[in-house]
Amino acid sequence: MYRLTFRGDEDLLDAVLPLLPGGVREDEDALVAYSGAPFSDAVLALTGGAVDEVPADWKQRKMSAGVVIGGVVGIRSPFDRESGAPIEVVVERRGSAFGSGSHPTTQMCVALLLELEPGGSVADLGCGVGTLAIVAAKLGWAPVVGVDRVPVAIEVARENVERNGVDVDVAVSDLAVDDIPLANVLLVNAPPPVHERVAAAVDDRVRHVIVSGIVAEEMEDVVRRYTGFKIAKALGTEDEWIALRLSC
Amino acid sequence: MDRAAAELLSADRAVSEGAALGQLACALPDGGLLITASRLVEFGARAAILLAPGLFRLDLTPQEETLGLYPRILGPWEVDWRAAEESWDGYRDASGPAPIELHGTFGDQYTAWIHVLSFTERDALATHFVAKAEIRVVTER
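These protein sequence lines are chains A and B, in that order. Numbered according to the numbering used here, the first sequence terminates at residue 248, and the numbering increases by one at each position without gaps. Numbered according to the numbering used here, the second sequence terminates at residue 141, and the numbering increases by one at each position without gaps.
Just so you know, the hints here were simulated from the structure itself, not pulled from any lab data. There's no promise every hint is true.
As the list claims (entries may be wrong) - What the simulated footprint calls covered on chain A by chain B, stretch by stretch (three residues with Cβ under 8 Å from a Cβ of chain B suffice, anywhere in the stretch; the number is not a length):
#1 80-88
#2 221-228
As the list claims (entries may be wrong) - A short list of chain A residues far from chain B (calculated; beta carbon distances all over 10 Å):
#3 G36
#4 V72
#5 P143
#6 C248
Treat the numbers as computed from the prediction; the structure is a model and nothing was measured. Quick reminder that beta carbons are idealized off the backbone N, C-alpha and C, glycines included.
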């Protein structure tokens, strides 16, 4: 397997992407392309990049261990090898259920939760397969509840709760119409319309809201809706996903 | 159809410039252009899936749970893109909503209707895409 590393902007991508069927990946400030066959002269001339050889299973080696967040919480599927993190969370997802831990918003929410001293209740609103709620329970928060509008997500979340041996109450609930469960900490990894309803329901019980599932351009409007809360910490990714801890 | 339109809607040009992508193209009966391609794209990679020379290129970045769409304008066009909202979850839920649809208007001259089917192969850490675009001159509609 050949790896081509180069630097460039959108204008360069206009020229090379049509020549690279496998596409390119961002690796910090470089672009990387992989190919089983040698790169063409045209691609090499356009990019001026460096080529080296990597093992054919480089992707599996990189991606089969789940993720470790903050050196504390490891999230992996039942098929991945153990991460060795102090807190290991094993989750499975099926169908359209969200929240395996692979997505940056899930990872950023965990990172923000890790900065809080555990103690008190947590509600994971739009919990998907239960990943964040399970992490919260393993960190010592209690009681922990999780709701999601997708029945299969809750079905899998129940399995994941049992798999991880934690006490988390999960239920099907449509946050667009049903009552919003409140707690000392709200985990809301969901699109803006959900934040709008949650923000309208927040009362004195809520001390922190971990907000994600939004992109940079949506941040100002979402934050404005959480009246009385200020941004205590903000995280972001290069592809514009945002996670915030709002505290009051 | 004027010469500029004929060039932009040329199936031969779309096949030639999209050859490395395995893109196919043909003229539509009403004078428009149909382009189509299929590809297995690995999670995290940004790959071009459709190329309409002089108009746009559609890049996709599949992740396990989300899909990045990058419509790149190729030319001095003012473009209005619209996505069919009911199709947004089509990537994650193959049994649920319709495939992803995008509608683009290039100035007041051309329209593009893009349709993307996807199937994620989690074991391969990649997603299969089948995409097509119908491009027409506005006055022909």
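Do the hints match the structure? See the list:
1. With 0 residues bearing a CB less than 8 Å from a CB of chain B, the region 80-88 of chain A misses the requirement of three and the coverage assertion fails.
2. Evaluation of the coverage hint for the region 221-228 of chain A: breached, as 0 residues show C-beta separations to chain B shorter than 8 Å, against a requirement of three.
3. Non-interface status of G36(A) relative to chain B is upheld: no Cβ of that chain comes within 10 Å, the nearest being about 12 Å off.
4. The claim that V72(A) lies off the interface holds: its Cβ sits roughly 22 Å from the closest Cβ of chain B, which is beyond the 10 Å cut-off.
5. With a cut of 10 Å on Cβ distances, P143(A) stays outside the contact zone with chain B, its closest approach being about 27 Å.
6. The beta carbon of C248(A) sits about 30 Å from the closest Cβ of chain B, which is more than 10 Å, so the claim that it is off the interface holds.
Going through the hint list in order, the structure does not satisfy hints 1 and 2.
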